[in-house]
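Participant: Here is how the chains run, residue by residue.
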Amino acid sequence: MFIIRHRNVFFALTGILVLASLVSLAVFGLKFGTDFTGGTLVEIRYDGTRPDAAPLTETLNDAGFKNYSLRESGDNGYTLRTQSLTDAERGMLSAVFSYQGGTAFVDQLTEVGPTIGVELRNKALIALALVLLCILLFIAFAFRKVSQPISSWIYGLIALITLVHDVIIPVGFFAALGFLTGAHVDTLFVTAILTVLGFSIHDTIVVFDRVRENLRVNHDHNRKEDFADVAGRSLGQTFVRSINTSLTVLFTLLVLYFIGPASTRDFALTLLVGITAGTYSSIFLATPLLVTTERWLKNRKK
Amino acid sequence: MLQKRLTALLILLVGAGIAWFVYSSEVSGARPFKLGLDLSGGTQLVYRADLKAIAATDVADSMASLRDTIERRVNMFGVSEPIVQTEHGGTLAGTSEERLIVELPGVTDTQKAIALIGQTPVLEFRLLRGETPPGEISSTTVNQLFEPAAITGKDLASAQLQFNQSAGGIPNEPVVVLKFNSEGARMFAALTRDNVGRYFGIFLDGVPISVPVIRESIPDGTAVISGGFTAEGAKELARNLNYGALPVPIELISTQTVSATLGGEAVQDGILAALWGVIAVAIFMVLWYRLPGLLATCALMLYVLVVLALFLVIPVTLTAAGIAAFILSVGMAVDANILIFERTREELQGGKSAKEAIHDGFARAWPSIRDSNISSMITAVILFWFGTSLIKGFALVFGLGVLVSMLTAITVSRTFLMALGLEAKHGFTRLLFGSGTHL
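Chains A and B supply the protein sequences, listed in that same order.
Quick note: the first sequence, position 208, residue 208 per the working numbering, numbers continuous.
Quick note: the second sequence, position 272, residue 272 per the working numbering, numbers continuous.
Please keep in mind that the hints were generated in silico from the structure rather than gathered at the bench.
Check before you lean on any hint, since a few could be wrong.
As the list claims (entries may be wrong) - Label-pair restraints from in silico Cβ distances:
id, chain 1, residue 1, chain 2, residue 2, range
1, B, 80, A, 16, 52 to 62 angstroms
2, B, 264, A, 122, 33 to 43 angstroms
3, A, 20, B, 272, 54 to 64 angstroms
4, B, 261, A, 258, 16 to 26 angstroms
Claimed, not checked - Straight-line distance between alpha carbons at most 30 angstroms, and here's what the computed DSSO-like set of lysine-lysine pairs gives:
id, chain 1, residue 1, chain 2, residue 2
5, A, 66, B, 112
6, A, 31, B, 392
7, A, 224, B, 352
8, B, 52, B, 235
9, B, 52, B, 112
As the list claims (entries may be wrong) - So the derived list for chain B, only partly shown, Cβ under 8 angstroms to chain A, looks like this:
id, residue
10, 254
11, 266
12, 375
Small disclaimer: the values here were computed from a predicted structure and weren't measured.
Backbone N, C-alpha and C define an ideal beta-carbon position, used for all residues, glycine too.
Put together the whole structure using the sequences plus the hints.
Facilitator: Below, the structure is given as structure tokens:
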């Protein structure tokens, strides 16, 4: 199995991807959206031409808007992020944005009070912790049967490592996306990450299950086979289905990204990256790590 | 074999029945899909109730009466299918607060929506068209029974609780005395002078409070409402008329408005994406898995129909995130089939007959299918709990999709495969059962 044979190449590739994600996260950082910080998010759409940003900024300043960020969105719109609006500010939104012959419409207006923002942030953290905990319990349950030559908890630990990988990659990607397109972390992003966690863990468990099934068959038939070969054979047997189950999901996500509603575009992209990372890690990271660990344990025993 | 074929036929019939149900409920409009605010366009307002002045034991009552008041007001403005609900929140932010959530489909002007909720109650005066006072007045009959009077609540200067001292009524009965401003006083004098003997209705937020007879002209600009009040009731009415009718003060803490244009676009894009999602998955399945792939596509169609029917029956309020979940679930629904077919192919290569291979393929793939669905269900359940209404929509559809797809992918495709009763001895059948680049 070439993946097992050249596993160091894939470790290096994984390392580079993870490092790139971490660098992206450190350099660009995550921008948290109004869902979590509180404040106002306005989507403006124009009937006619969209005015330039510079004169629009002046108009906004003149109208007394403070602490805002303005970004072009779509073909003929703007996204305004700012603090809580006063009644008067809310009332004059479309009037202020109508400029240079473009008539502005408020397409979407979201105002989140500080309490609700804090509440949602805490809820998101608790949900993340809960999903991790439940998946941990699930892994412990899936690998409860002790097997040779590697004990159960090492399978579980490696599954967990791939999970960390599956989260770091889309988070790093999203940080870069935030820099490029102004995408903000919102409840949908958290949903995407949690969905990736639930979906990806399973591919890894399937490969590991096959490894143990093959080990058991070998044991029952008194067959001697190198662990790396068993692992490689198991990977070869599950490889196609891992890729195919992800492919069908990726197809639907691509469709969702390209022709789906605008509001779920970033969500689809995050899932695309996350599920690709999850499939990659279950094939190119999990089993090779298992083989390396087995080698390392064997050498230590000697 | 016959039994298997009958079952397969039955499944097809049930599928056709569900398809008809979904189609007819949508086309006739009897039971259309329920769309969330982000798809239909509309406004959601979240208020915090200020309960400082309310004893802890009365909180539930106050919130209920707040909800009723707002609901009445919203209904009066002709908003279709508004949702007004109370919620206990803030615990996770370290505080505790009672909230009122108002959803107004179709109201896409935030300012208008806020004004609608926040205004003082509407006091109206109407004259009865007929001679005899009606026993029951409903919001539909009110316009037939009464004609509006020129004078309205805007002309009111103040309202006051008093106890009846005049000779006509019950002694010491609590009454509300309305004092009009000068403009109102003049109009009221004219109204009473011209309509002596007619019934005169006083309405608050569209609900009749009392329907007295005009006995004589009232030139001094005061009117007395004696609606069989208790002292408490009369005091409350006077206060409501003076200060606005909410039992507790409320403060706006969140708003969300989506324009009808944006919502409509999201619906269109969502339907298109769902359609193409199903087509993409179907093409892949047929190209890669051939005959079983075709059967899996049939199972996928049935899955789509069952889920759509469930959306209607439960009913599930669809949001953009819910549509995304549905599209995602289409990709995941064939997972079980892929697991089964890959395993079946392995068994076939191991030299088993088609029947055995299918049987063993299903049996051996089951633990994997179960596990993959468990891990997805964990996410769905936690997301549902985490949910704002947006995420709840995602979680519900996602969870529903996982459960239903497990059922359709396993039972339906197995029945179809068995019903075909193919033997994979010949090259052609093997080709049909092959996959990808394997022959």
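Participant: Verify the proposed pairing of residue 52 of chain B with residue 235 of chain B, using a straight-line Cα cut of 30 angstroms.
Facilitator: holds (21 angstroms)
Participant: Taking the beta carbons of residue 80 of chain B and residue 16 of chain A, is their distance inside 52 to 62 angstroms?
Facilitator: holds (56 angstroms)
Participant: Does the structure keep residue 31 of chain A and residue 392 of chain B at a Cα separation of 30 angstroms or less?
Facilitator: holds (24 angstroms)
Participant: Please verify whether residue 224 of chain A and residue 352 of chain B have alpha carbons no more than 30 angstroms apart.
Facilitator: holds (26 angstroms)
Participant: For the hint 16 to 26 angstroms, verify it against the beta carbon of residue 261 of chain B and that of residue 258 of chain A.
Facilitator: Because 21 angstroms falls inside the window, the suggested range holds.
Participant: Would the hint on residue 254 of chain B stand, with a C-beta cut-off of 8 angstroms toward chain A?
Facilitator: holds (5 angstroms)
Participant: Taking the beta carbons of residue 264 of chain B and residue 122 of chain A, is their distance inside 33 to 43 angstroms?
Facilitator: With a Cβ separation near 35 angstroms, residue 264 of chain B and residue 122 of chain A satisfy 33 to 43 angstroms, so the hint holds.
Participant: Next item in the hint list is residue 266 of chain B. Is there a CB on chain A closer than 8 angstroms to its CB?
Facilitator: holds (4 angstroms)
Participant: Is it true that the CA of residue 52 of chain B sits at most 30 angstroms from the CA of residue 112 of chain B?
Facilitator: Status holds; Cα separation ~28 angstroms.
Participant: Given the hinted pair residue 66 of chain A and residue 112 of chain B, is their Cα-Cα distance within 30 angstroms?
Facilitator: holds (24 angstroms)
Participant: Assuming the hint says 54 to 64 angstroms, is it satisfied by the Cβ distance from residue 20 of chain A to residue 272 of chain B or not?
Facilitator: violated (34 angstroms)
Participant: For the hint on residue 375 of chain B, just tell me whether its beta-carbon gets within less than 8 angstroms of chain A.
Facilitator: Result: holds, 5 angstroms to nearest chain A Cβ.
Violated hint: 3 only; the structure is consistent with all others.
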